[in-house]
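There are 2 protein chains.
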Amino acid sequence: MMKTVKIKKYSGELQDFDMNKLINSLRRSQADENLVQHVARNIVDQVEEGMTTKKIYQMAFNMLKSRSRISASKYNLKKSLMELGSTGFPFEKLVGKLMEFEGFNTQVGVIVQGDCVSHEIDVIAEKENNHYMIECKYHNSQGRFCNVKTPLYVQSRFVDVKQRWKSQVGHDTKLHRGGLYTNTRFTTDAIQYGTCVDLMLVSWDYPPQNSLKARIDKAGLYPLTALATLTKTEKRQLLDKGIVLCKEVYENPILLEQLGINESRQRKILDDSLKLCSAINTLI
Amino acid sequence: MMKTVKIKKYSGELQDFDMNKLINSLRRSQADENLVQHVARNIVDQVEEGMTTKKIYQMAFNMLKSRSRISASKYNLKKSLMELGSTGFPFEKLVGKLMEFEGFNTQVGVIVQGDCVSHEIDVIAEKENNHYMIECKYHNSQGRFCNVKTPLYVQSRFVDVKQRWKSQVGHDTKLHRGGLYTNTRFTTDAIQYGTCVDLMLVSWDYPPQNSLKARIDKAGLYPLTALATLTKTEKRQLLDKGIVLCKEVYENPILLEQLGINESRQRKILDDSLKLCSAINTLI
Chain A
1 MMKTVKIKKY
11 SGELQDFDMN
21 KLINSLRRSQ
31 ADENLVQHVA
41 RNIVDQVEEG
51 MTTKKIYQMA
61 FNMLKSRSRI
71 SASKYNLKKS
81 LMELGSTGFP
91 FEKLVGKLME
101 FEGFNTQVGV
111 IVQGDCVSHE
121 IDVIAEKENN
131 HYMIECKYHN
141 SQGRFCNVKT
151 PLYVQSRFVD
161 VKQRWKSQVG
171 HDTKLHRGGL
181 YTNTRFTTDA
191 IQYGTCVDLM
201 LVSWDYPPQN
211 SLKARIDKAG
221 LYPLTALATL
231 TKTEKRQLLD
241 KGIVLCKEVY
251 ENPILLEQLG
261 INESRQRKIL
271 DDSLKLCSAI
281 NTLI
Chain B
1 MMKTVKIKKY
11 SGELQDFDMN
21 KLINSLRRSQ
31 ADENLVQHVA
41 RNIVDQVEEG
51 MTTKKIYQMA
61 FNMLKSRSRI
71 SASKYNLKKS
81 LMELGSTGFP
91 FEKLVGKLME
101 FEGFNTQVGV
111 IVQGDCVSHE
121 IDVIAEKENN
131 HYMIECKYHN
141 SQGRFCNVKT
151 PLYVQSRFVD
161 VKQRWKSQVG
171 HDTKLHRGGL
181 YTNTRFTTDA
191 IQYGTCVDLM
201 LVSWDYPPQN
211 SLKARIDKAG
221 LYPLTALATL
231 TKTEKRQLLD
241 KGIVLCKEVY
251 ENPILLEQLG
261 INESRQRKIL
271 DDSLKLCSAI
281 NTLI
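Protein chains in written order, with the UniProt record's numbering: chain A, 1 to 284; chain B, 1 to 284.
Derived from the structure by calculation, the hints contain no laboratory data. Because the structure is a prediction, the values reported are computed rather than measured. For each residue, glycine too, the CB sits at the ideal point set by N, CA and C. There's no promise every hint is true.
Covered by chain A, according to a simulated footprint, are these stretches of chain B (three or more residues, beta-carbon under 8 Å) [unchecked claim]:
#1 113-127
#2 192-198
Restricting the straight-line Cα-Cα distance to at most 30 Å, the calculated cross-link-like pairs of lysine-lysine (DSS-like) are [unchecked claim]:
#3 213/B <-> 149/A
#4 6/B <-> 149/A
#5 218/B <-> 149/A
#6 174/A <-> 162/B
#7 149/A <-> 78/B
#8 127/A <-> 149/B
#9 174/B <-> 162/A
#10 21/B <-> 149/A
#11 127/B <-> 213/A
#12 149/A <-> 55/B
#13 162/B <-> 162/A
#14 162/A <-> 213/B
#15 149/B <-> 166/A
#16 6/A <-> 54/A
Looking from chain A toward chain B, a few residues come up when the C-beta cut is under 7 Å (computed) [unchecked claim]:
#17 145
#18 147
#19 149
#20 155
#21 156
#22 191
#23 193
#24 196
#25 200
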């Protein structure tokens, strides 16, 4: 029989524990349905009045991890993004790689002269006649939303840069567009404003069919912080070298050698990296 | 003989103690020149290697206060603004009053529908054909500057609101302008951008001839936190009632009665309030 218990959200608010919500969240791990149902039943048995969603999430992650490290990594994507560090740079790099996957030529962290002042643009992306200026808003804790002030300020930067772009040779026929990526969420008025002025907005779960999580799944561009076999210190050491993606680890196995990781762990890590990079193939 | 000692700035940086700078800062107290010179000589005798500017400022304030509470209050204006509290509301009110002094009709904290979203505008000010939308950026600690992101976001808000204003009856011939007031300072690129897009920018010391401090001196619109005779608790109680200015205290002596302040202190406070309110008359 279903228990009806109240659990505590990140915000401190209480809400009824919802089995369907749990199952949906588990499905994003792309684990097979048997494992999803198995974990969900186990959680239902253990969930108690007043338990935090964080605790429930942690239990689910551990159960998944014991059966499938890759599913656990996928389930853990949101948290892996929060582990990219206190600066926004790895996130900008990830966004650049996602746009490359979509066929754009990109530059990350470029100083660009606008009409009034110069700006550091996180990602400039070009494909045929499309010329995008992307701002990345990175938060390393849950519940920090991206409010309307960010698209407002991004729009002014974009307008300032666009004036200058338009005056360049061959630019008058290009489609210029500003954009804003965040690893958390937009407030309602941030989406309302951004949509109204035609900024491209991407957040953890927006737009629903082409959100950040959907794009990462599709491209298989998981951050290396998703690798359950790496220690925190090893992740930090790789990030400090400017390495951000599982893919980069897989393509440069020498990196693991340099960290002094033994051969059997190296194999495990490379194996997981490959499975995460090639996520798209398993979906097709 | 002049000592050459290094003193420590708010930023932690060391710099040579500069007698002329001290004298200039003392002159903004509008104390008579004898008192200015007297305090300056006293400070020179007491200043020591590595002393902080904060300590030196405090000594100067105490010396002024013992001779002239009003001069001390004027000298202390910047700090009085920092004492307005953790929310920006008293500062918005002060800015509204300053614009009224300049002949505008003002509204403070108004929700306005823009073309894309609605905005809470700190101060709307109108005079003849001029229709201003002012954002107030309040900081309650030293060294927090207003960087370029603020005028960038203010400009987008202004553009969004202006679209709507322009469509209103009789508005097509009006001059619409955005503005930004801060009690601290703008970074160089904030001034460069704001000037380029024609925002009206006012900070503690910008524009030089018509800065926030100059406007407050001219209007005599000192915040009640400048009153050296009120305790911290009394200031907080008045601010909590929505009272912000010395002028309001002077015009409503019942407020002091309500706080349970005895008659002799009431007289002292009202006397100081009057002298601070009428600053302009003593200057003309």
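The hints, checked one at a time:
Given as covered by chain A, the stretch 113-127 of chain B passes the check, having 4 residues with a CB less than 8 Å from a CB of that chain where 3 are the minimum. Proximity of the stretch 192-198 of chain B to chain A, defined as three or more residues with a beta carbon under 8 Å from a beta carbon of that chain, is established by the 4 residues found. Distance check on the hinted pair: residue 213/B and residue 149/A sit about 28 Å apart at the alpha-carbon level, within 30 Å; holds. A threshold of 30 Å between alpha carbons decides the hint, and for residue 6/B with residue 149/A the separation of about 42 Å lies outside it, so the pair is violated.
At roughly 34 Å between alpha-carbon atoms, residue 218/B and residue 149/A are farther apart than 30 Å, so this suggested pair is violated. For the hint pairing residue 174/A with residue 162/B, the CA-to-CA distance comes to about 28 Å; that is within 30 Å, so the pair holds. Between residue 149/A and residue 78/B the CA atoms are separated by roughly 27 Å; this keeps the pair inside 30 Å, and the hint holds. For the given pair, residue 127/A sits about 28 Å from residue 149/B by alpha-carbon distance, which is consistent with the 30 Å threshold.
A hinted pair counts as satisfied when its Cα atoms are at most 30 Å apart, and residue 174/B with residue 162/A qualifies at roughly 28 Å. Note on residue 21/B and residue 149/A: the hinted pairing is violated, with a Cα-Cα distance of about 39 Å set against a maximum of 30 Å. A C-alpha spacing of about 51 Å is found between residue 127/B and residue 213/A, which places the hinted pair above 30 Å, so the restraint is violated. The hinted pair formed by residue 149/A and residue 55/B fails the criterion: a straight-line CA distance of about 38 Å is larger than 30 Å.
Distance hint between residue 162/B and residue 162/A is fulfilled; the C-alpha atoms sit about 21 Å from each other, no more than 30 Å. Restraint check for residue 162/A and residue 213/B: not satisfied, since their Cα atoms lie roughly 37 Å apart, outside the 30 Å limit. Proximity of residue 149/B to residue 166/A is assessed by CA-CA distance (about 23 Å); at most 30 Å being required, the pair is judged to hold. The straight-line distance between the Cα atoms of residue 6/A and residue 54/A is roughly 14 Å, inside the 30 Å bound, and the hint therefore holds.
About 15 Å separates the beta-carbon of residue 145/A from the nearest beta-carbon of chain B, more than 7 Å, and the hint is not met. Below 7 Å, beta-carbon pairs count as interface contacts, and residue 147/A has none with chain B, the closest being about 10 Å; its hint is therefore violated. With a least beta-carbon distance of about 5 Å to chain B, the hint placing residue 149/A at the interface is held under the 7 Å criterion. Because the smallest distance between the Cβ of residue 155/A and any Cβ of chain B comes to about 5 Å, under 7 Å, the interface hint for this residue holds.
A hinted interface residue such as residue 156/A counts as satisfied when its beta carbon comes closer than 7 Å to some beta carbon of chain B; here the least separation is about 4 Å, so the hint holds. Interface restraint check for residue 191/A: the shortest CB-CB distance to chain B comes to about 10 Å, outside 7 Å, so the restraint is violated. At about 5 Å, the closest approach between the beta carbon of residue 193/A and any beta carbon in chain B falls short of 7 Å, and the interface hint on this residue holds. The closest approach between the C-beta of residue 196/A and any C-beta of chain B is roughly 3 Å, which is under the 7 Å cut-off, so the hint is satisfied.
Taking 7 Å as the C-beta contact cut-off toward chain B, the hint placing residue 200/A at the interface is violated, the least distance being around 16 Å.
Going down the numbered hints, you'll see the structure goes against 4, 5, 10, 11, 12, 14, 17, 18, 22, 25, while the others check out.
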